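Protein chains in written order, with the working numbering: chain A, 1 to 245; chain B, 1 to 354; chain C, 1 to 261; chain D, 1 to 267.
The set of hints was computed from the structure by calculation and includes no laboratory data. A hint or two may mislead.
[Claimed, not checked] Pairs of lysine-lysine, BS3-like flavour, derived with a Cα cap of 30 Å:
1. K252(C) to K22(C)
2. K134(D) to K139(A)
3. K71(C) to K22(C)
4. K139(A) to K62(D)
5. K251(D) to K139(A)
6. K62(D) to K163(D)
7. K79(C) to K22(C)
8. K163(D) to K77(D)
9. K77(D) to K139(A)
10. K251(D) to K32(C)
11. K32(C) to K176(C)
12. K163(D) to K252(C)
13. K251(D) to K252(C)
14. K134(D) to K22(C)
15. K252(C) to K135(C)
16. K71(C) to K135(C)
[Stated by the list, open to error] Here are the simulated distance ranges between beta carbons:
17. I230(A) to G153(B): 25 to 33 Å
18. K77(D) to G341(B): 50 to 58 Å
19. L199(A) to L31(B): 55 to 63 Å
20. A91(C) to Q329(B): 23 to 31 Å
21. I207(A) to P302(B): 30 to 38 Å
22. E193(D) to A20(C): 32 to 40 Å
23. G153(B) to K71(C): 29 to 37 Å
24. E193(D) to V108(A): 37 to 45 Å
25. Q61(C) to T104(A): 41 to 49 Å
26. A131(C) to G153(B): 49 to 57 Å
All values reported here derive from a predicted model rather than from experimental measurement. Beta carbons: idealized from backbone N, C-alpha and C, even for Gly.
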Amino acid sequence: MMGVLLSVIFLNNFGVRIAIPLAIGCAFGIGWVLERGILRPLIGQPIISALLMTLAVAYLLDGVATIFWGTKIVPYPQWYPEQSFPFMAIRVSSGMVWTILAATGIFVALAFFYRRSMMGKAMRATAESHQVSQSLGIKVTRVFSLCWIMAAVIAFIMAFFFGVHVGAFRYLSEWGFRAIPAVLIGGLDSILGALVGGLLVGVLEVIATAYLGAYVGSMFPFIILLIVIIVRPHGFFGQAEIVRV
Amino acid sequence: MRPSGIMDVNYRQSAAMLRTRSQWLAVGILLAFLAVAGRVFPSEIVDVMNMMFILIVAAHGLNILTGYCGQVSVGHAAFKGVGAYSAAMLIVRLGWNHWVALPVAALAAGGAGVLFGLPAFRVGGFYLAMSTLAAQFILTTVFIFAMPGIVGGISGITVPFPAIGDFSFRIPENQYYLFMPMCVVMTIVARNIARSRMGRAFVAVRDNEVAAEIMGVNPFGYKLRAFFIGCLFAGVAGWMRVVYDGCVRPDIYPLMASIWLLGTIIIGGMGTTIGPILGVILVRALNEMVLMLSPLIGGFFPIEIAIRMGAGLGLIAFAVVVIVFLIFQPRGLAHLWEVLGARMRHWPFRYEPR
Amino acid sequence: MVTEDEVQLRTDNVCLSFGAVKALDGISLDVKLHQLLAVIGPNGAGKTCLFNVINGFYRPQEGEVYFEGRKITQLPPYKIAELGISRTFQAIQLYAGLSVVDNIMAGRHIHLKSGMVSGAIYFGRAQREEAEHRKEVEWLIDFLELTSVRDRIVGSLPYGLQKRVDLGRALALEPKLLLLDEPMAGMSRDEKEAMARFILDVVEMRGITVTLVEHDMGVVMDIADRVVVFDYGHKIADGLPEEIRNNEQVIKAYLGKPKEA
Amino acid sequence: MSNILLSVNNIEVAYHGVVLVLRGVSLEVPGGKIICLLGANGAGKTTTLKAISGLLHTEAGKVIHGDIRFDGQRLDKLGPEAIATLGIIQVLEGRRVLEHLTVEENLEVASYIYGRVHLQRDLDRVYDYFPRLKDLRHQVSGYISGGEQQMLVAGRAFMAHPKVVLMDEPSLGLAPLMVEEIFEVIRRVNSEEGTSFLLVEQNAMAALDLAEYGYVMETGRIVLDGPVQQLKGNEDVKEFYLGFGALGQRKSYREVKHYKRRKRWLG
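Required output: the full structure, derived from the provided sequences and hints.
In structure tokens, the structure reads:
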């Protein structure tokens, strides 16, 4: 949400070439500040604290946005040339193509990062146990900063694409929650899972809207989510929890 | 540890809620205060207190589910909504009496809770929380879109105020004498559940499911029970909210309200009976303060920003309080209170004797 | 010598595998009433796995478990607990945030009867019941010499005492069969002595059958009536402590060369 | 003792600012030596290790008095990562493997400090100490047996080329043969690489055989210290940690029972 709003400002004022690096820089800053100031003290606390903390941060930003932008929709500038290509039976807009390309790029980069790089491994280690990671000299704080910065930057990048489709408005933070079914369906810790889950949810939502009406369509991802949680709790690609007694 | 000089002579006594004479006295004074408060304070303050009573009942429910049984729910407002909508539909569409609608509405909410608690059979923790998130989105969608002729659609249903004889629960001063006793009763019920067999089983499931199982506690069964009871409380709160507003509308029960409740019990202290009460009072009072102050602050800004100041600052204040508590006092006000007590007991020594 | 009705628990050709790894490979074992049976073997030999099969955490792919003549292989853990099998864990599984009294009280769960409604009202029956069970709990606290820490939060107690609380909670269930998974691990000699004393008292005074997994050979050889040895999911020996001590195969797989202190 | 690498000077540690766990603990670890720390549960041994490694910070514990020095540098103000980078690695109690990572990934993560330049060489070194780990290297570490996990956490510590290893209960829950193997590796690493060890252990017999110097802790204090030969001869150590009776005979757990039972009747 912040991403979309800020990128609107940058786009309106500076144009694409400056706006993109500027927004990414801002994301970097915001991610870093959030981690530093707010999430770092939570190291070693249960996951629920972190969950609630992020929600609180979301509402904090929401509050700021409410004050400065109100609840109206800010139109988003069209920053890439609008064309459309025929693809099989349908026409695909260039925005779609750009979005898909960017998303795929991010996925590949992430997958490589987690499996191969030292930092990626350190990040996975940190996810399992803060204490063990610290005992091995991994700077948990740095890992956290990086996580948040990455998350913020990716969110900002996607905001550039997303904004064009729906415009910029305050309730965008609710859209963040819509990502949750996608991620869970794919499996929480799987990059491929997120990709597949995202596509699946998107496609099914569109189909459900078309055949069953907007009413069913809008809650369809959550219905799928419920089913997946019951049938295959860790998603299609997620790791099962290891329980030893 | 408890102060020396207080001896329990039997087990019943050591399990009692109130142990000392001063505790009895304090409760007496509190009850007396509550009894007259509805007539003493100005209408606006009584109105705020009414809202607090409703929220406390809902928070007790969430506390049983999340605080005691450890099942995080981010859809509690929606369950409250189920109670509210059931009550409204029973009263308006079927012409039921308010008082008969109360238990039915509560059961309906409890039932909805059990339904969305079913994934507990396979999952727990974060995944179950997501199932309640799904409940939040699905239920609010249902409130808005499903059969507008009956459920009321976006504009909701207007519900008449209940009355006993000539005593109508229309104005805050009268509502107070309905909500206050309900809140007190529900608090006692919550406390009793917490300290009885079931409460212990909840805590057993929360703290260690494996251990719970080997002691003969069926984790799935108790999670469902927690969902049922927690949402039952939400249903009661929903009924109260219908009486308070004289209507139901879908926008009264958004995701924000669910998260607000969760934040409240964290601030108050999860897994304690006093926690939800302290949390609601603190957060609600803070909200009123912000509402009072925001015109002042808004004066420094241009008008189009100033008019949104109240809503925005309310969000910011709540978020900041939650953040501050998570960082500095993750166990909430209730724990702060205990630490203070412990400090006083071994004063002037700095540390507990070992 | 041993008649059939003295067998309290029987596992019949239990096989359990995780993927390609065979954790238990045809384990048949009789646990006799009022006996103190020790199960020993290298790490990963399947001792804990067997416990997990007995109390229902794992379902074996093959074979059955009988308790007092009744088949319990398919029952969920909480049902098995109700039948009278309780256990402790290698890694302590206590309620860290609760007091010692509350932890042990939690073990009384299956003996408490009050339902949802009477619990909510908390008057009369629920209250009386509460008091009765507290009496049992206090007896256990006294027996395990936990009196001085009864109101302490369990998480703040030293490990040795936590193990004792764990035992107390398992006993609060009033089990007929008690499974102890490494009750002595991480204890000093002094604490081990206390623990050994409690375990022997449990067998002799309360007539509870005890099966334990333990690595401290000193303890096992001194207190066990019978020793069973596992290796790679097989039972490689079964007999009196003296026989096991001198069993070539056991020495090779587990004990190492005998070293006198 | 000369050549003191690590010294703990009269530290006090409190949790949450209210519970005082250590009340004046001093000990020294000379370079290249194995030191053991004995004591009953709750005596504060693990807390001492965590105070040194800095991991206390994440558990709301704090050194409120005294200091800890490593090569003359003060440690008690540093964070756990910085201390680990200096070459002090703690092996936490209870086989804390990174469950979802494979065995080899567990080891690779530990090379974070030392860098990946010599990664393969370091891996081979650990596999040489624990040949079993080499066979298991592509297994997910959450599924290997307890003994193998203990090998893994020990091997993981060696990946970082530590100067001092703080080893917390390496023999906990291990079969006798496995205990011997782990202790043998500690001995090898000590003699081949000159790594110092501060060993917390309940298996007093094995620990005293391995170490050169020992400390005994009771309720947050050091109550006894000396070269191991001297400790082995001490009557109290014999009685409470090694299990010898008054007559110098090994006590049986069965007899202990009756003796204590009578004591309870009388008391």
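Evaluated hints:
Only pairs whose Cα atoms come within 30 Å are accepted, and K252(C) paired with K22(C) is accepted, the gap being roughly 21 Å. With a C-alpha separation of about 28 Å, the suggested pairing of K134(D) with K139(A) holds against the 30 Å cut-off. At roughly 23 Å between alpha-carbon atoms, K71(C) and K22(C) fall within 30 Å of each other, so this suggested pair holds. Between K139(A) and K62(D) the alpha-carbon distance is near 20 Å, which keeps this suggested pair within the 30 Å criterion.
Among the hinted pairs, K251(D) with K139(A) is inconsistent with the structure: their alpha-carbon atoms are about 49 Å apart, more than 30 Å. A threshold of 30 Å between alpha carbons decides the hint, and for K62(D) with K163(D) the separation of about 24 Å falls inside it, so the pair holds. A distance of roughly 27 Å separates the Cα atoms of K79(C) and K22(C); the hinted pair therefore holds under the 30 Å criterion. Of the pairs offered as hints, the one joining K163(D) and K77(D) holds, with about 19 Å between alpha carbons and a cut-off of 30 Å not exceeded.
For the hint pairing K77(D) with K139(A), the CA-to-CA distance comes to about 16 Å; that is within 30 Å, so the pair holds. With a C-alpha separation of about 28 Å, the suggested pairing of K251(D) with K32(C) holds against the 30 Å cut-off. For the proposed pair K32(C) and K176(C), the alpha carbon gap of about 11 Å is at most 30 Å, so the pair holds. Taking the CA atoms of K163(D) and K252(C), the gap is near 36 Å; set against the 30 Å cutoff, the hint is violated.
Restraint check for K251(D) and K252(C): satisfied, since their Cα atoms lie roughly 26 Å apart, inside the 30 Å limit. As the CA atoms of K134(D) and K22(C) are separated by approximately 20 Å, the hinted pair is consistent with the 30 Å bound. Using a Cα cut-off of 30 Å, the hinted pair K252(C) and K135(C) is violated, with the two alpha carbons roughly 49 Å apart. For the proposed pair K71(C) and K135(C), the alpha carbon gap of about 34 Å is over 30 Å, so the pair is violated.
Distance hint check: the CB atoms of I230(A) and G153(B) are about 30 Å apart, consistent with the given range 25 to 33 Å. Separation of K77(D) from G341(B) is about 33 Å and departs from the stated range, judged on CB atoms against 50 to 58 Å. Taking 55 to 63 Å as the suggested C-beta distance range, the pair L199(A) and L31(B) conforms, at roughly 60 Å. In this structure, A91(C) and Q329(B) meet the distance hint of 23 to 31 Å, their C-beta atoms being roughly 30 Å apart.
Between I207(A) and P302(B) the CB atoms are about 46 Å apart, so this pair departs from the stated range of 30 to 38 Å. Against the hinted window of 32 to 40 Å, the Cβ-Cβ separation of E193(D) and A20(C) comes to about 37 Å, which satisfies the hint. Distance hint check for G153(B) and K71(C): the Cβ-Cβ separation is about 57 Å, which falls outside the suggested range of 29 to 37 Å. Separation of E193(D) from V108(A) is about 41 Å and conforms to the stated range, judged on CB atoms against 37 to 45 Å.
In this structure the hint that Q61(C) and T104(A) lie 41 to 49 Å apart at CB holds, the actual value being about 43 Å. Taking the beta carbon of each, A131(C) and G153(B) are about 55 Å apart, inside 49 to 57 Å as hinted.
Consistency with the previously given hints fails for numbers 5, 12, 15, 16, 18, 21 and 23, ordered from lowest to highest.
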